[in-house]
Each structure stands twice: as C-alpha cells, then as structure tokens.
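K.L.:
This is what each chain is made of:
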Amino acid sequence: MSFARELSTKALALSLDTVPAEAVHIARRAIIDTIGVALAGRSAPYLGALESVLEVASPPGAATLWGCGGRKASVLHAAMINGVAAHALDFDDCSTTMGGHPSAPVVPAVLALAETQGATAAEVFAAYLTGVEVETRLARGLLPHHYEKGWHPTATLGVFGAAAASARLLGFDADGMATTLAMAVSMASGLKSNFGTPVKPMHVGQAAHNGVLAALLTRNGMTANAEAFEHNYGFFNLFNGPGNFDADAILDGWDGPLELLDPGIAIKQHPCCGSAHSAIDAALKLVAEHGVFAADSIAAINTRTHERRLAHTNRPEPKSGLDAKFSVQFLTAKALTANRIRLGDFADDSFMTDDIVALLPRITSSSHREDDAYLGQVVVTMNDGTVLSAEASTKFGRGPTNPMSDDELREKFVDCAGEILGEEDAKSAFDACLSLELTDRMDDLLARVAGPHNRMEG
Amino acid sequence: MSLSHELATRALALDPSGFDPSALGFARDAIADMIGCALLGAPTTTTEAALLKGIQGEGPCHVLGRREKLGRLDAAFVNGVSGHALDYDDTSKSLSGHPTVIIIPAILPIAETLQTSGRAFLDAYVIGVEAATRFARGVNFAHYEKGWHPTATLGIFGAVVSAGILLKLDVKSMANAISMAASLASGIKANFGTDTKPLHAGLAARNGLFAALMAAEGVNAASTALEHPQGFLEVFNGKGHYDADRMLTDWGTPLDLMNPGISIKKYPCVYSVHAAIDAVIELHDGSVPDSTAVEDVVVRMHPRRLLPHVRNPATSALNAKFSLSYVVARGLVNGTVRLDHFEDSALGDPEVMRIMDLIRMEEMPDDFPDYGAEVVVRTKDGQEVRNRIETPLGRGPESPLPTEMLERKFLDCASRSLTADGAADVFGMLMQLDRLARVSDLVAAISTSTRPTKG
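If you read the protein sequences in the order shown, they are chains A and B. In terms of this note's numbering, the first sequence has 508 at position 284, counting the first letter as 1, and numbering is strictly consecutive. In terms of this note's numbering, the second sequence has 26 at position 11, counting the first letter as 1, and numbering is strictly consecutive.
Chain A with its partners taken away, still in its complex shape (with noise of 0.2 Å):
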C-alpha cells in the first residue's frame, strides 16, 4: 500500500466517539484562539494588499472573513486570508514536534470549507484534529533535518494538515484522502530565508489555501500519485532527502496516545517573545502570591534566563514598542507591575509608562545554561529589603504539562478580539466557541467573530 494511502487510512480511523473528550475541547479551544490571534493580526498593513491581488472585492464569496464585518471571498480566499492573519503577529499556537504552529493552517480550512458546506462541530472537530495529527505525525519521521535544512514546516507540513482536513470535511475515503495528500505534495513550499517578511505569514495563508485546493481538484477528479511520498522523485527524497527521514515514525503509534495531548500544542499566552515566558511566567507567580507589585516598593529586579534566550531579549532600554516585545527586563517589569502583557502595550507612542521608566534602571538581567533551556527565575528585593523570588518552565507556550486555564485563554482572546468586535461580544464568541455542541452548525460562531457591520471596508 501506498505511504499515503496508508497515513490515510490511519487518519481516517480517528474518531471523535473514541478520543479522549479532552481532546475534543482542546479543539475547541485552539479554533477560538486562532480566530483570536487572527482577528489581531488583522492591522497587518499587507493584508490590504493581499486582499487586492487576490481581487476579493469582485464577486461575494461564500466563506467568512473574520473581523471584516461580515465580507465573505471564496472559499479558498478565504482559506488563505484567514491564514495569513492567523500567522501575522507569530501569537498562534505551537508544537515542538512540528518545529512550528500547527493551528494556523488548518482551522482557516476547515472553517471556510465547513461554511460552504454546511458541516457540524463534530465533523469540524474531526477535520481539525485529523490535520493536526497528520502534520505532526508526519514531522515526527521528518524534523529536525526538515526544519533545519531551510523548510518552513508550518507551511511544508502544514500543507497537509490542511489537506488532510479538508479530505476528511469533504468525506473522501482513503483513497481520495491519498490522492489529495499526493497533491500537496506538488504544493509544498516555504523557505526560511523569507522569515522575518511578510512573506513568513503568507506561507501559513498558502499552505491553508493549497490544503483546500488540493481537496476540490481531487473532488472534481484530477488525479496524483499516491505514492508521491516515497517515489524516488518524491516528497521524502525531495523535501529531506535520502536517509534524512524515517517514514515507519510517521505510521507507527497512531493506536497511542493523540499527538494533540501528548507532546501536545502549546497556546503563547503573552505577545511578545517567547524566549521571555518563562521570565513573565515566574514574576506572574509573584503576583499571585503578594499581588501587584507597586513600581516604588521595589529596590531591584533580577531576571536569570538560559543564554541563548537571553542573547536576544537582553535589551535593558527599549527604543520602540517591538524592541519593548523582545526586552525581558521591560516584560518582566510589565509582569510585576500589571499582572499581564497585553497587546496594547506595544505602541510606539505609549509603551514606556512611568512605572517602566522607574524600574529599568534596578533591573539586571544574567544566564544560566541550565539543561532545562526553558527556564527562567526572578528575584524582586523589595525597598524594605524582603527578597521574594520564584521560577518557571515555559516551553513556547503554555501545554498539557502547564496548561493556560479557560478563563486565562479567554482574557488571552479578548485582549485580541476586543478593539475589533468589543470586550462583551469577544467574551460571548469564546464562550459561543467553547460551548459548541457537536451537532451545531458553525455559522452561530462565524458571525459572532466577523465583528460589527462598519467594518466591511476592510
């Protein structure tokens, strides 16, 4: 049997009346978070630009995009819009395995196709765990060489994930699933020589509209090889090249656990670098223990993290809003003095508060080489000389070993969704999310996260 027709075949055999329920609301939380995420990357300035080539404007579509008051594109514009806000602000959710987000391009396909179709929770939750299954599992023979080499695998692999999904939300079998995956496999690309552009975002939006396509053109019938995986000129030769892969750890252990709950995806819950959550992280427990902290009550501030994060977040005098995202000491200070990091305390014009201008200055930073790379620790002396201190984990962001609570996602989505659809009706769509029984449609949810009609500008 083909690789594909069998990753299909395994794919096809997950099923929502026999995963753990846990699952299925981690589903349901990773949907709204990548809205979330979405609806604030919406100001990107080239999403205007894209919208234009894409020449949306023209005939009205059938799939939502979010945050533009109701304007729909076509399913794979839509496809491919969403996914391009969904990665613009690098705020979507992680998996190590994948060595990049695996979220991002598969939820932006599976609900513009769920839309034009009409399809439940359920067989939306099924699409989306398949995707993501199929992405990681698919990195587990491929990574790290893949991502090492010079691939973008939220874009090389994701492709499939949203190919995989969009199979399973369109009702192949495993042979139209195979054939779908085989056609990705023609798609496939990103490099990341283009990180640090536009362009980085637009691999995420590609990837989620080639998943689609590759689906639709197998519905009408066009035809690939299965055997485009292992073919001597195939994905695996190709993408990793011979010897720089193991295709047996693709197939093997789809009767274990679900890649979605163990490594499991990690949500970033703070918008700033992640090479200072764990910083954020343990001055967030010294919150929770002696509350806010008051900039004038503190004498000094020590950060310790491991070096390599430290090399490029040590930056004691933020110039700007994004210098200030990659500043532990400036979110460490944040952390302190108010409880959280927010979106909004990045704007070039605002970012430095008196209470940040006050405690630069006491604050050192230093390294560790700890084998736990991810771990960071603060020690705050207060001004009567109390020394309090506390330390955290953080890897990417917060997973199944550290898990953000539902409540803490929720202010995570708010603080994004909030200046598009407002505080109350942000809450209300994560909640709407959150309470999605399976035999819903999802239209409820779509119109709740395309925001209020004066938007349709866009």
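Hints in this document: simulated from the structure, not taken from any laboratory. A portion of the hints provided could be inaccurate.
[Said to hold, decoys possible] DSS-like cross-link-like pairs, simulated, lysine-lysine; straight-line CA separation at most 30 Å:
1) LYS543/A - LYS187/B
2) LYS161/B - LYS373/A
3) LYS254/B - LYS373/A
4) LYS234/A - LYS373/A
5) LYS187/B - LYS373/A
[To be verified] Just some of the chain B residues that point at chain A, by a computed CB distance under 8 Å:
6) ALA64
7) ALA65
8) LEU67
9) GLN71
10) GLY74
11) GLY86
12) LYS161
13) SER201
14) GLY208
15) PHE225
16) MET229
17) GLU232
18) VAL234
19) ALA236
20) THR418
A virtual CB, placed ideally from N, CA and C, is assigned to each residue, including glycine.
Use these hints to put chain B onto chain A, whose structure you have.
P.N.:
Just chain B, lined up with the frame of chain A:
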C-alpha cells in the same frame, strides 16, 4: 548586492529595442504554439476540473478556448493547466522544461486588463524566457536530475519576471517579487503521469503572477531568499550543486531564444521519432506521393533513441504515441501526423498497417546526430530514395519551423475549441503579434471564435 537584486537588475537592463528580430520571431511562434496547446487542452476533463466551477468567482480575464471569465490569478491557473494538459507545448533545453506554458498564462491576464500592446507583450515574454533560462543555468541539470519539475520550480522565475516587466516594477520591487517566488516554488516529478503534472504549470503561472502583483503592492520579501543558507539554492539544490555566478553572466548575449532556443513539438507523439516523421513527410511531399507504391522501408536512428517503447507496434492509442513504425507509416500515407491519428479508431487503417509491416529499424553509429533520422524507401518500380534529417524541424534556431507547419499544428489544436474560420483568423493575428495594438483584441478574437463546450 543580493542575488535577487542582481537578477532584477539584469532583467530590467535588457533593452527590447535591441532585440534581434529573429528572436522576436521565435518568441511569436512559441506564443502562438502555446495558445494552440491551450485551445487543445481547454475542453479536457483536466481543465474542467481546474475551473473549480461554483467556487472561483467571475472576473475580467478570459480562459482560452472557454466561455468562462475569471479573476487574474484564476485565469493564469486554468490557462496554465490547459496549456500543459496534453504535454504538446514547447520545451527549452536550458530550462529542462516547458517555458512558455508558465510565462504566457502568467502575463496574459495583465496584458488583457492593462491594454498592453502586442510588442510589449512579446518583449515581456522574451525577458521572462531569458530570466528563467539564465536562472536555470545556475541550478541545472542537478535540479532536474534530483527530481524537481523545472517547468514549475524554475519556470516560476520566468513568470514572475515577465509579469513584473508588464507591471513596470522597479529594481527593488522586482527583487522582492523574485524572492517571494522562491517561497512559492513547488512541483516534483513523482507526480508525472497524472493530472498533477499540468497542475504544476497552472500553479507556477498563478504563483509567479501572484508574487509580481504582491510586490507591485509594495509587499517585501527577504533580499537574500535565494542565496541564504536556508534559501532556494541550498534547499532545492544543496551545497555544491549550483553555481550562482552562472545565473548572472551573458544575459542577452545572445538571448537564450537564439541559442539554444526553444523547441516546438510539431507532432503529438514522443519527440525522439520526430526526425523520422520529418523525413517521410518530405518524401511524401516529393518523390513518394503515393504510399501504395512503397514496398520496403528502413528507418535508422541513434541507438539511444531506438528504445523498446519506440519499437512498439501501436496496439493502443497511448502506445501509438511512442511507436516509430506507426508514425512513420502515418507520415508516408497521409503526409502529416495529426491529433486524430492517435484516436483508437485510427489505429486499424489498413494501408497504415501494411506500411508498418514493411518497416525495419536499424541503429546508426554512435556519432550519428542524437535526434536525427535516416529513411530509405523502395518503391515497386525498383526506385530507392533516401532522406536524412540531422535535426528535427522546429528544434530552435538551428532548424526553424516553417510557418506552414506551425499553422498546421495550430489549426489542428485549435479545432478542438474554435470554429475553423475563427482559428485561421486567430493564427493570422498571432503571426502579426508585434504589430497588434492591444493583446485584448487577440483574446477577444479567441473568445468570439470559441464554440460552446458540450454538456
């Protein structure tokens, strides 16, 4: 200066006023041929699938040989798929692939909507071919041999540059467009033999146009996307398997269209038998007009070309496309080899079968031209005539394709979707492309001549 910037600079430095008129002639022929191939592919199920009816919205751009009109990117996509659907489109030795079916679908939607002149369209195509083939010189043949499909993975660079020329991008934007295209390049040979091969062409055309349009909107990409340690050259070819300097030398001196140039397929069958067909068609048009007088035929070719699949006796429409004896017999009987000769109903022609039985195939010595052929025919009156073709007609500047042969192929292809009169008119316009005021007139003429599709 980054590699994308260097390439952009060279593309923009090419001066169309200095283009060799014969290069423009080859360009015109290649464009006419590609449009013919799209008109052939338009009614196929492959194109039908790519239209994604009910999903893609309508737009201002024509789909060649169809009544549907689509947005720019979607039109580029479908025209690319239909142009490559039958694999009857031209090839470039430098590219190891099909250049025109990526470049023309990418720029046609711009030309149509911006009222581009025929000459500007032609010039943009010439620059696109130059860009793709210079780029290819730096990565081939390792790129092809590794398993990438250069029509797509390198053709996209021709498409993006060509589109960038029509969009009048400056050097900086053109460099951004090239860098962005690097992140959109895809297509592997594992999918050959399926609909996904023509799909590659549609995707590369669409993505090349996409990158140019995004750059025109001011969107940036990384300047070092090609030469970065995690950039196109390292990731697609790998260390030691490319030479970036070769990409940057000899632009336009001469144009790749002049040397080695583009090769046009005249017959809808495997290329290795084309010289033999040329040889017998010349005999048919000369001393052997009546095949019933023939009583012996010898065909001699290079051993590399006389492979088992070429020696097959044409038992199906598919293997007839590889059958040397079938196509030689057809040439002697009909003086032409057309698309309808490869339909099942044509295979049993008694006179063709009689000639096939007479044909003997012999190997020439190793120094015989790679794609040449020699044919010796003896007639019942005892006369023996011999004809040797060193290079098949249409194989670039060394053996230019006579316009009548190009026209014959075009009309054969176009008959699948245009009216006969319309096809003749369109061919006439294509031969005058450099004097056409607006490409949109050409597209409109194609549209007017398009017959309604069945079903």
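K.L.:
Just pull the numbers of the violated hints for me, sorted ascending.
P.N.:
Hint 20 alone not satisfied by this model.
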